[in-house]
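Taking the hints into account, I'd like the entire structure generated from these sequences.
There are 2 protein chains.
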Amino acid sequence: MIISIIGGTDGLGKWFARFLKNKGFDVVVTGRDTIKGKKVEKEIGVRYTNNNIEASKIGDIVMVAVPINITEKVIKEIAPYVRENCVLMDITSIKEIPARAMERYAKDGVCVIPTHPMFGPSTPSLKRQVVILTPSEKHKNNPWFDKIKMFLEKEGARVIVIPPEKHDRIMGVVQGLTHYAYIALGATLKDLNINIKESRKYASPIYELMLNIIARIIGQNPYLYADIQMHNPQIKHIHETFIKECNTIKQIVEKKDRESFAEIMKEAAKHFGNETIRGMNYSNKAVGAITEEIERIKKSIGKEIGLRHVYSNKVHFGIVKNVVDDFIILNKNGKDLKLNIANVMLMSNEELKEWKEQNLKKYYYDISILFKKEINLDIILKLLNCMFDIEIIDIYEGSNVKNGFKSVTFRIYSYKKDDLKILKKSFLEVIKNIGGINRYN
Amino acid sequence: MIISIIGGTDGLGKWFARFLKNKGFDVVVTGRDTIKGKKVEKEIGVRYTNNNIEASKIGDIVMVAVPINITEKVIKEIAPYVRENCVLMDITSIKEIPARAMERYAKDGVCVIPTHPMFGPSTPSLKRQVVILTPSEKHKNNPWFDKIKMFLEKEGARVIVIPPEKHDRIMGVVQGLTHYAYIALGATLKDLNINIKESRKYASPIYELMLNIIARIIGQNPYLYADIQMHNPQIKHIHETFIKECNTIKQIVEKKDRESFAEIMKEAAKHFGNETIRGMNYSNKAVGAITEEIERIKKSIGKEIGLRHVYSNKVHFGIVKNVVDDFIILNKNGKDLKLNIANVMLMSNEELKEWKEQNLKKYYYDISILFKKEINLDIILKLLNCMFDIEIIDIYEGSNVKNGFKSVTFRIYSYKKDDLKILKKSFLEVIKNIGGINRYN
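Line order of the protein sequences matches chains A and B.
With this note's numbering, letter number 261 in the first sequence gets 261, and the count goes up by one each step, no holes.
With this note's numbering, letter number 193 in the second sequence gets 193, and the count goes up by one each step, no holes.
Check before you lean on any hint, since a few could be wrong.
What the hints assert, rightly or not - With a Cα cut of at most 25 Å, we get these calculated DSS-like pairs of lysine-lysine:
no.: 1; chain 1: A; residue 1: K190; chain 2: B; residue 2: K266
no.: 2; chain 1: A; residue 1: K197; chain 2: A; residue 2: K338
no.: 3; chain 1: A; residue 1: K236; chain 2: B; residue 2: K190
If you're looking for bench data, these hints aren't it; they were derived computationally from the structure.
This is the structure we're talking about:
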């Protein structure tokens, strides 16, 4: 199956290109900039073309991932070339305009699925991410729709299906107000000439979390954020309401009117209802998670840990040498690695074990041991497995083995070839103490 | 040592009462409400009096923890009664006013330490929490100052020492602007009549984080927040700057001026500098931490886990039966326990083990095993420790033991008394297979 991503050399389009390629799909991306296109081709192993129409002709699924302000134009250009029984979808943050355009310009028999993935390109996976689909009734009955919905859900996304109009109304708050407030906060900190790094020293957990969110938002593509504000008809009213509240509180503070101030907070808390407690607890978790993690890493000095990069998912493992400020010093094969805590996530022991199992080459050494016939090998293996990565590959009783004994061949594994000799030696030492005899010695 | 907390029946004063009591100090709390005082006395095991002056006379450390708007008045009332060579401190969020009052009304020879703990009463411990101390040069040289600073640091706090004026200037932004913006956001969501719970369904991770922070702030004591806004001379300028930025962005959006919008975001990002990347990564972590945790708990179905309550630090452990929406079903001794994920934090296996070691009663059974004299008991113990919680309490060689053998007495532990019989049986089964003999059988 070919998935063509129109505008797949950047942002969320590129994110989907990488994600779908990793899932085993044949992915074609387009983009105006040929140099960038070639780079993406190399970087994530997809095919690149600068011809949107060609890409639309060959795609079984055609995904429009261009900026909001040119989405309508691009849909008009490519929709007629999408083949019947194929899928046309977009992934912009507004839904009324692209939904209308796709319905209008695509052939009958093309399944139209306007889509809004509610996350940015720095999100590591689809797990627990919200994806909103806004197809019309006709397209909801197309088998493609279920197929795509199920794929997203299998990958851990929470899929919501609503009409495009409802989507745009809700997003005015969920995205519009959120971005607006944090961008204004970022601009205010600049205006007040606050030294961000120094201010963090005095930070309460909540101020630090606020700085992180401001940073996350102002660090994104500003044109995307501009378009989200500018193409939503609800946004004017939302802006005005927010500014009105800011002015009200400002005046109350000037008048030192404690009761009115308390009233505003109480009324808001009342409106939040049960969500107040829930949010307090979750914010504790968000704050606590980072504290806990650092404590755990500090406790692991001298032990092996695994750290997964929050963005790339790349895994680093090694012995923790030290934790200094925001940095972890990890010793991997005698070499020191300095990792910023902000960028990595501590893996559990089980996860690291599983990851090694799947990603590292294992070496092994086979060795045959004689045990008395009546010995229960399940118990022996269970005990040995605590000290060694080991399995039994053969059990032999017969003429070549001395009477009353059985020969058990163990395979000892190691991720380091050089360690096999030492492992063999300590294995034989253990065996000697539990009644086993080296068969060929 | 007696620590008297003036206004210790509520909020952060009560938090310190509980914390210091748990650390083994003799704590006295005061408060106007006798019924509440008696309740606190029972709840956390401290002494209560409604007499501020008595409490100030007996305290080696006297901590003023009353609301900001009466702090100056209370200091004037009690400071003269604090004994020489003792400590007078306050824990309000502003520092110039209380610092001046304490210096003025305390006796010579009293060590004055104006203090601002940068956290709220829902924080579980001092770990990584910022505490600001603003003593004058004279008091910095008092031995009490080092003693208190070192205590806080030992408990994991990050202690900062600055003059009270600098404190108030920085806090105008760190607390003033932060609270202001989130309270205005909460009021706006109420004004727009947004159904918070429903809106979460459509939430991007950042909107959800924002809701959690709003909830955390509007759920606190509104009078404290009013006072923080109202007693800071910088706040007016900060409010005005923020409202100005909001208006500017609003107008740019109305004019659909993409370039100017982008310019504001880019300038703010430039001002943040390296902090932009850092913040993006940390916000990923804050978002990812919750996702990761739920995945880990889901993977543990059928296994034992430990969950620590984010606020009370109470530990629950048991077999995970299921995870449904926001709830974990834990089976503890045959009884189902339903826990909200928001309220608990997954412990690592090592932490749970350590916690059990410290908090649960252990039962044991002693059993003597004969091993050949030459057997290395370190190896035997290492192997057995993987399957059993066990130690060697005696090794005996002599006339009562058959020739060429030694008698080794093991102590097998269990948190469940009823399990000891089963453990003994499976222990003997294992022993039989590694060459040991039950001595008294």
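Hint-by-hint comparison with the structure:
no. : hint            : result
1   : A:K190 x B:K266 : holds (11 Å)
2   : A:K197 x A:K338 : holds (20 Å)
3   : A:K236 x B:K190 : holds (17 Å)
Of the hints listed earlier, there is not a single one the structure fails to meet.
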